[in-house]
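Asks: Quick note: the sequence shown uses the numbering used here, first residue 13, plus one each step.
Hints are computed from structural coordinates only; laboratory data are not their basis. A virtual CB, placed ideally from N, CA and C, is assigned to each residue, including glycine. Any given hint might turn out to be false.
[To be verified] As a list, the in silico DSBU-like pairs of lysine-lysine whose alpha-carbon atoms are at most 35 Å apart:
1. 80 - 53
2. 80 - 197
3. 197 - 53
4. 53 - 156
5. 194 - 53
6. 156 - 194
7. 194 - 80
8. 156 - 197
[As the list claims (entries may be wrong)] Computed Cβ-Cβ distance ranges for the label pairs, DEER-style:
9. 157 - 82: 36 to 46 Å
10. 124 - 76: 12 to 22 Å
11. 61 - 121: 28 to 38 Å
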Amino acid sequence: MSRIHAGSSLVLCLVASLLPPLGQSATEPREWRFTALLDDKVIGYQSFRLLEQGQEKVLVSEARYNIKFLFMNVYTYTHDNREVWNGDCLSRIDSRTDDNGERFFVRGMLEQSRLAVESVEGHEQLPACVMTFAYWNPQVLNAKRLLNAQTGQYMDVDVAARGRETITVGGRQRPAQRYELKTEKFTINLWYSPEQEWLGLEATTDSGSRL
């Protein structure tokens, strides 16, 4: 969850998608690459690479944002994350984040039917089946709590469908269903295709922060 100038708007737009439908056998990784836009200006990217091996899935993601003002860097953000999933349940996580100089980490592993999580927040024992904000998996829309892969916080969430829309993906118009995911700190709009393929994200907080 990155902190960006108040009043601005960051959007992640899908520009490339090389993937079979989730749940089908796949010998090649599923890949998403998003362009990050701040007030319609490109500031970086976020990418995801998912390899499915039976019931186990390995997700590797990274984000790079860089905001300039008068040719000077005023904000940088880097995030690297590796997650291992068993079905729809997280079994391991290892993330590192630099949010404009403020550093975070999250490490977690499934141990004796509990997910043991260590972060800058401390140590916590979570239930056996936990999800992160794993937008690539449409089951995230049914979650009541999600693990923040940057901070390690286990957050209450509320998800509601907000209607059908048409959005531009890779230069093409695509029909999509929009969902609104709310936490105490921020609101996220998500778009999915009729086949439940993740197409886009826009996030806002009360203070103007963006995810």
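Asks: Measuring from beta carbon to beta carbon, are residue 157 and residue 82 in 36 to 46 Å?
Replies: holds, 42 Å
Asks: Quickly compare the C-alpha distance for residue 197 and residue 53 to 35 Å and report which way the hint goes.
Replies: holds, 24 Å
Asks: Do the beta carbons of residue 124 and residue 76 sit within 12 to 22 Å of each other?
Replies: violated, 37 Å
Asks: Are the Cα positions of residue 156 and residue 197 separated by 35 Å at most?
Replies: Distance ~15 Å between residue 156 and residue 197 Cα, so the pair holds.
Asks: Look at the Cβ atoms of residue 61 and residue 121 and judge whether their distance stays inside 28 to 38 Å.
Replies: For residue 121 against residue 61, whose Cβ atoms are near 21 Å apart, the range 28 to 38 Å is violated.
Asks: Taken at face value, is the distance from the CA of residue 156 to the CA of residue 53 at most 35 Å?
Replies: Holds. Residue 53 to residue 156 sits at ~33 Å (cutoff 35 Å).
Asks: Given the hint that residue 156 pairs with residue 194, test it: the Cα-Cα distance must not exceed 35 Å.
Replies: holds, 10 Å
Asks: Decide if the proposed pair is consistent with the structure: residue 80 and residue 53, CA atoms, cutoff 35 Å inclusive.
Replies: Holds - the C-alpha atoms of residue 53 and residue 80 are around 11 Å apart, at most 35 Å.
Asks: Between the alpha carbons of residue 80 and residue 197, is the straight-line distance 35 Å or under?
Replies: It holds: about 26 Å lies between the C-alpha atoms, which stays within 35 Å.
Asks: Is the straight-line distance between the alpha-carbon of residue 194 and that of residue 53 35 Å or less?
Replies: Answer holds: residue 194 to residue 53 is near 25 Å, not above 35 Å.
Asks: Just to be careful, I want the Cα atoms of residue 194 and residue 80 compared with a cutoff of 35 Å; is the pair within it?
Replies: holds, 29 Å
Going through the hint list in order, the structure does not satisfy hints 10, 11.
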